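Engineer: Keeping their order, the protein sequence lines are chains A and B.
The first sequence begins at 1 in the UniProt record's numbering and counts up one residue at a time.
The second sequence begins at 1 in the UniProt record's numbering and counts up one residue at a time.
Think of the hints as simulated: they come from the structure by calculation, not from any bench.
Quick caveat, the model's predicted, so the values are computed rather than measured.
Nothing false has been slipped in among the hints.
What follows is a list of derived Cβ distance ranges for each label pair: (1) A:G123 - B:P205: 21 to 31 angstroms; (2) A:N117 - B:D202: 18 to 28 angstroms; (3) B:R181 - A:V110: 22 to 32 angstroms; (4) A:P106 - B:E232: 29 to 39 angstroms; (5) A:K146 - B:D202: 12 to 22 angstroms; (6) A:D44 - B:A178: 56 to 66 angstroms; (7) B:L241 - A:L118: 19 to 29 angstroms; (8) B:K195 - A:K47: 37 to 47 angstroms.
Where a beta carbon is used, it is the ideal one built from N, C-alpha and C, also for glycine.
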Amino acid sequence: MASAYNPIYTDVPEKDVFALHFLQTLSNLRTQNSFSSPDNKTSDRVKKIKKAAYVSMARAAGGANRLWSRSLLHQAAKRNNKNVRFLRRKRRVTWLMRRRSNRGDPIEDVAAERLRNLVPGGGGMETSKLMEETAHYIKCLSMQVKVMQCLVDGLSPK
Amino acid sequence: MDYISPQTYNSTLSFSLSLALNPIRKDKSSKFLNLLSMDLTGLKWLQQHQQMVSPEFLQILGSDGREELRRVESYLGNNLDELQNFRPGYDTIDGCISRTSSFQMEPVKSNEENRVVALQNKRKPEGKRETREKKKKIKAEDETESSMKGNSDMSNTETSSDVLKQDYIHVRARRGEATDRHSLAERARREKISKKMKCLQDIVPGCNKVTGKAGMLDEIINYVQSLQQQVEFLSMKLSFLNPQLEFHIHELSSMMADQRSFPLHQQGSLDYSVINSNQTTSLNALKMETSLSWDVHSQCLYNNLRTDSVFSFFSLK
Chain A
1 MASAYNPIYT
11 DVPEKDVFAL
21 HFLQTLSNLR
31 TQNSFSSPDN
41 KTSDRVKKIK
51 KAAYVSMARA
61 AGGANRLWSR
71 SLLHQAAKRN
81 NKNVRFLRRK
91 RRVTWLMRRR
101 SNRGDPIEDV
111 AAERLRNLVP
121 GGGGMETSKL
131 MEETAHYIKC
141 LSMQVKVMQC
151 LVDGLSPK
Chain B
1 MDYISPQTYN
11 STLSFSLSLA
21 LNPIRKDKSS
31 KFLNLLSMDL
41 TGLKWLQQHQ
51 QMVSPEFLQI
61 LGSDGREELR
71 RVESYLGNNL
81 DELQNFRPGY
91 DTIDGCISRT
101 SSFQMEPVKS
111 NEENRVVALQ
121 NKRKPEGKRE
131 TREKKKKIKA
141 EDETESSMKG
151 NSDMSNTETS
161 SDVLKQDYIH
171 VRARRGEATD
181 RHSLAERARR
191 EKISKKMKCL
201 QDIVPGCNKV
211 TGKAGMLDEI
221 INYVQSLQQQ
231 VEFLSMKLSF
241 LNPQLEFHIH
251 ELSSMMADQR
261 SFPLHQQGSL
271 DYSVINSNQT
281 TSLNALKMET
291 SLSWDVHSQC
301 LYNNLRTDSV
311 FSFFSLK
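If we strip away everything but chain A, and leave its shape as in the complex, we get (with noise of 0.2 angstroms):
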């Protein structure tokens, strides 16, 4: 499969960029969270852990070069209230996306909504690219839930 001809250009770095990345940013939760109250609850700890997981993710997977990835580092730095920006690479207004609204077969089209909900940044997409886009997020994501898996593992009691 490491040979198979693929147009979508899906090259993902190694894992050990993903562990770097998420340990880098699970430090600064640390280094965040030591001035601050104590007894966080649940809830709150791991929707920073999860945030932390994403962006970090985001990050490693090439940042500013992918349309996801843009997009989540956006969210990101929204919450945070700082404003992030990123050299946009000139839109081609294609033929193809005024045409978007028009046309669509409706049965690509329900399932390419609920694709475009799940995709981070999915929004704005034609659907060809949003398959790029998804090709490339699946990846990403699957590395991460290793990294992830293995720092579970490693970390968790005998």
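Based on the hints, put chain B in the right spot on chain A.
Structural biologist: Quick look at chain B alone, frame taken from chain A:
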């Protein structure tokens, strides 16, 4: 070979000549050349024996014919995919011959009518699916469509010196379907999407059993949802394991940074005891952490542990 009309031979001659005259795409066109070379001898014979051929040939190389030649060249020059789809069997050549002949049969007529005529006059190849190459000529006013077009690298041949650079979308339309621009574009878009869905099929496990777009998309959506749920579940686990959110990041990340120089191909067995001792030592270390600098800290921890443990910690391979 009697059932092939002289016009067909004309067209193949011009076809092959255009191949020969187009030096850049020679590698791709050589395949065709090899296949058509066996026809070329017959062509030459026919051309010699029929004097009507040469004026027609010249006429074909008139304005419309030049366009057709250009199209043929651009078709050859463009999509490697399309070329690979072309199976070089003899009946394909027949189909190819008839295709080109249909383009050049009435060079006086306009292009749209040409295609309609081609629809009607097409000789049925035996047992092959009737596909016809439709080329959509994009006019100058739709400048914004340039992102969709394939690149056409056309060199100027001697016959077509006043060639305009035009880009084409190459679409394979089935017989009997509408040939207007919008439906062709729609078809191109749908083919793009289905190509990408095939790639997604490789990535998502368990997609092979379900066929059809809707089922596959459902599978993909379920997979993404399950992955996201896994992330949430694992983060919950992590938060329970470390209520103070102390992940002993320093030593772990320093381990990671150090291990980069080592080959990351080892796979040791997971050794919990070592890791637990790691935790206790680091806890003690953290209590007096301000005295130690970061590098020294990592150094002594590095000396305590083996390298294998961190490899196995993350199962890095």
